[in-house]
Amino acid sequence: MINKDHAKLPDKRPEQARRRLEAIGKIHNLPLPLLKEGLSTAIDSDRIPKELHNKSYHQTTTHLITNESEATAKPFDEANEQERALIKRHRYSLIDPHKDRLIALQQAASDNGILITIPPRTKLEKPINILSEYDTNGFTHILIIARNGSEATITRNIKERRGGDETGLICEAVEIIAEEHARITYNEAQDVSRRTAWYSQKKARAGPRAEVRWYSHVTGGSLTKQDTTTLLEGKDAKSASLATMLLAGEQHENSTTNAHHAAANTTTRMHAKAIIGGSARMLHRGLIDISEESPGAEGYQQGDALLTGTEAEADIIPQLEIKNADVACSHGATVGNIEEEDLFYLQSRGLDEERARDVIAEAFLISITAHAEEDEQWKEEILSIIKAQRGTT
Amino acid sequence: MTDKLIIKNLHVKAEDKELLKGVNLEVAQGEIVALMGPNGSGKTTLANAVMGRPGYTITKGSITYRGKDLEGLPPDERARLGLFLSFQHPAEIPGLRVDDFLRELRERKKGKKQGIAAFRSYVKSLMDKLDIDQGFLERYLNQGFSGGEKKRMEILQMALLEPSMAILDETDSGLDIDALKAVAAGVEALRSPTVGTLIITHYKRILDYLKPDKVAVLIDGRIVREGGPELVDKLEAEGYAWAGKQ
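Protein chains in written order, with our numbering: chain R, 1 to 393; chain G, 1 to 246.
Honestly, the hints are just simulated from the structure, not real lab data.
Beta carbons: idealized from backbone N, C-alpha and C, even for Gly.
Nothing false has been slipped in among the hints.
Listed below are the simulated SDA-like cross-link pairs for lysine to any residue, each with C-alpha atoms no more than 25 Å apart in a straight line:
hint, chain 1, residue 1, chain 2, residue 2
1, R, Lys-88, R, Glu-233
2, G, Lys-113, R, Asp-352
3, G, Lys-113, R, Leu-383
4, G, Lys-112, G, Ser-164
5, R, Lys-379, G, Asp-99
6, R, Lys-99, R, Arg-285
Okay, the calculated beta carbon distance ranges per label pair:
hint, chain 1, residue 1, chain 2, residue 2, range
7, G, Glu-77, R, Gly-163, 37 to 47 Å
8, R, Glu-70, G, Arg-80, 52 to 62 Å
9, G, Gly-40, R, Gly-336, 24 to 34 Å
10, R, Lys-99, G, Pro-54, 44 to 54 Å
Given only the sequences and the hints, what does the whole structure look like? Please build it.
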């Protein structure tokens, strides 16, 4: 139960307790997250549980961390003094916890999180894997600090053990600080209950020559609200945001991907591919914002949705805000159905219609890997996430 | 029951236009039949109608194969009956790896799972015969393939599926001489007393490699001439205008 009595319980971390109390005090004065409307696709905001103060938000989330490297990957409550200082300095340094009611709730209710720090000039051969499993509603914070010249991949699976008809709420915050010449790849596969609203704020800051690469695969949730933002603050910094969504039934997905260019020669690539079945709805927005301080910036974004459900809907809205003449930017979006031509071709080879549709849909998602071609390891990670979720090998 | 493909008085409409106007044609097992005709004569419509492409409606007549009326059968059931169509313009499917796709086709054909190593060894031997680079196995189906590469991929699929009746829709068009020879060799390799082949073409050149038993000429949705291989030379000398004359 999140109320003031609960918050007054003794807390070994006074600073965090103070922040949590502050957050609790503000929750009800803050607006709910803005679910932006599409051109024709409306996202049902009623799926966010409104009676936040009346619900039990006691968490029993487990995070299974597999880390075979010299990097640190541990729960906040196991941090040593030096690491606690890092957490204090960087937690919510990128995400504003007072932005809306859910992120405030996330701050208030999240009594733990995971700190990952990659030492300077350390390149991890193997990814750090995190399996986050929620039993009830949950509030998680992931803080990743990649020191100068470091390189790492973090792959996270988000699941939910709860079944039945109970509606739920999961709020997550992911912050990445990529220092000079660091490269961080953050892969995430979300497959929570289709009765749960999943809210995820992700934000990264890329220093000079740093690179931040995001991949997100969403299949679960009654409502998914996901905002991924990269701040390209250092010269020659790069970001790549790849996303796949596989929606069915009555799922609603509302995501935004943002890149803010604030330094010279910064580059952004954004690619999203979604399969929308049943009467599911998706609204995806991409924003590339290039400031006056970003000569030589490059930005490219593309979103594609394949509607496989007779009542499925999708809007993909790319946006460019360019305040500098010396840039190269482009964008594109497509929303369509499975091509009869492709279906006929596969059926003529003996695949029945259902299997042919399935093959085309899976291929459509897998084709996102074409945008990770430069890195075979990343490509394989993405492929294994898609295939694992679809139960294919 | 006959194993023949029998097309009887076939009338086919697409988008409210009558494209075939009473076609009669038979292809028996062990036989190569060439269907020739100018652009727009209805050759591809006939191939599509046999394979069951949506949008093509039989308004009169029938197509039977192995004694079974094909009307209303979905394309996959026709494929399972042993029919194969080599497409003039094969679909490109980004994200579908050639090796995954071919393995699934082969497993369906054989009705059992096949180990990756055994499959690779099998498919590589076929690719060598068709002079297809094995690097294609790791590419996405037909994406970025040249015209000739797509046609070779069609013949590779045909070899994997071992159909009893193959329809090659302008498989020779756009091929250079080496590709043409490779494709012809692939078709020849499949030739047997139990396999029928319908070669649809504009040109004589593929028929220099694959000698037809019968030749039919289709003009404006009707078969206007039928004969033996000598008809090919006659057409080459006189042109389709001659064939269309009564």
